[in-house]
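Student: Got chain E; can you put chain Z on it based on the hints?
Number of protein chains: 2
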Amino acid sequence: MEVIRTIHEMRKAVKLWKEQGKTIGFVPTMGYLHEGHQSLMQAAKKQTDIRVLSIFVNPIQFGPNEDYETYPRDEERDLSIARNEQVDCVFMPSVKEMYPQPIRTKVQVAEVTDKLCGASRPGHFDGVSTVVSKLFHIIQPNKAFFGLKDAQQVAVIEQMAGDLNMDIDIVPCPIVREADGLALSSRNKYLNAEERKQAVVLSQSLSALNDWLQERTLTLEQIRNRLTEQISKAPLAHIDYVEILKYPELEPPEEGQMLAQMTGKYIAALAVKFGATRLIDNHIFTLQP
Amino acid sequence: MEVIRTIHEMRKAVKLWKEQGKTIGFVPTMGYLHEGHQSLMQAAKKQTDIRVLSIFVNPIQFGPNEDYETYPRDEERDLSIARNEQVDCVFMPSVKEMYPQPIRTKVQVAEVTDKLCGASRPGHFDGVSTVVSKLFHIIQPNKAFFGLKDAQQVAVIEQMAGDLNMDIDIVPCPIVREADGLALSSRNKYLNAEERKQAVVLSQSLSALNDWLQERTLTLEQIRNRLTEQISKAPLAHIDYVEILKYPELEPPEEGQMLAQMTGKYIAALAVKFGATRLIDNHIFTLQP
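If you read the sequences in order, they're chains E and Z. Take 1 as the starting number for the first sequence in the numbering used here and just add one per residue. Take 1 as the starting number for the second sequence in the numbering used here and just add one per residue.
With the rest of the complex left out, here is chain E (with noise of 0.2 Å):
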């Protein structure tokens, strides 16, 4: 496995690489690797000739009062589990080799990302978009693969490479969970004993309402509602959002209608902070009449 830190030497590996006709494989990560990151790796193995992991804390796409500094970091773990995954490349530039000067373009999505993560972390996917470009120009992937539990990352990708005609296949993979049901996600590890054991109320309420979606009388609006109840159960959780939208639009479904009125394909999308830790879930469902 090589683990290359310049843009330079990342460069001279990919037009080798396009020269003996390989296909390329993509894998974009800030690192502190887990079975959802190993998920989109195994994805990758089946689907192209090189996978190529990246890492790198993109610091443009923290605000101010978010966790750059202290989100986590582990490089030689790291690298441990790319190299069990059978990864062929790890790409971990520093933040002066990705910006050696401020940077002055931004690559931004609208109204995909103004709702839901987009509402409460303003200027958070124009980092996402701008530095995924980055790394695009860069790795030339043909396949990129992006774990569904940023549901609303996906679909601003997909927009973005859909109107910027990138020849890049988007991959979405499913949300990989812990036994219990807690979504995997490298911030789980800031929760303390109590909060982990109440966080699973998430992936509850999200089963629960795949359950509620076979009473065809009821209405998004009814559901999301239970969704918030069935939340709010749990002490420590202060919800951020809960909200059931279009997917991959992420535009508000139409309101009263019930369930067996409906049809497409909709998120029901939920952010709660447990302390200072903010965790996202989501379940995309499609409804036929």
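Watch out, some of these pointers could steer you wrong.
What the hints assert, rightly or not - Under the rule of at most 27 Å between Cα atoms (straight-line distance), these lysine-lysine pairs were calculated in the BS3-like manner: (1) Z:149 x E:106; (2) Z:246 x Z:143; (3) Z:22 x E:143.
Hints in this document: simulated from the structure, not taken from any laboratory.
Tutor: Just chain Z, lined up with the frame of chain E:
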């Protein structure tokens, strides 16, 4: 010479050239080709194996009161010029092909874009950088050729390509002029006989500037005033801006210094209206102690 109108077909051609190890030179234009464009095609011919010319009048870079509808178009003449210049492929997509639905993604370059034409044409450079980014992703050139008549556009594209790590050489090419000095532009055809005659004041003032630069005790402010004065002598000239800035940063130079004390690269940039027609011209120069 291939004429391609769809992104799908264009990608197929690009894929084939890449497999054959060919380098691609790209000349993006809005058509109504003149010798300025021809000089770009000739530069591409010298430097790359395959030359792609795009012709696309990009609606999103025109303001609501600008000349998008009336911008001159002449497909047959353009194709015959391209053929004469031994271009390999002309990419001329429809607006529907480039914008199948309203675009939500914007590539936005800050600072370099808020001066000169950016100040009088809000949103213009967002439209330029976004469409150039799309075309770059479709055509995947090794080198892209831009005329220095639009020197700010060159600065914006260089900034974008650098910031976003696009693996493309941006090649700026010198301004091409009529016998009397008028910089070639598709918009020159809007000028009536008297306007056309007076429009020569732009290039004449820039030639005079070249002489003034020998007077080493002058300041750039004084030179700027002389430019303004000289242009104002043309009765039909309505100045939009006359500016001298650092190039390519487009930042204001230090004030009050004599030429003899200054170093670096600068641009004298003009935008002047004759009737309804807005013309631009510029001269880039280097100061040395």
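Student: Give a verdict on every hint.
Tutor: Each hint, compared with the structure:
Pair hint residue 149 of chain Z plus residue 106 of chain E holds up; C-alpha atoms about 25 Å apart against a cutoff of 27 Å. A hinted pair counts as satisfied when its Cα atoms are at most 27 Å apart, and residue 246 of chain Z with residue 143 of chain Z qualifies at roughly 25 Å. Distance restraint check for residue 22 of chain Z and residue 143 of chain E: the Cα-Cα separation of roughly 23 Å lies within the 27 Å cut-off, and the hinted pair is therefore satisfied.
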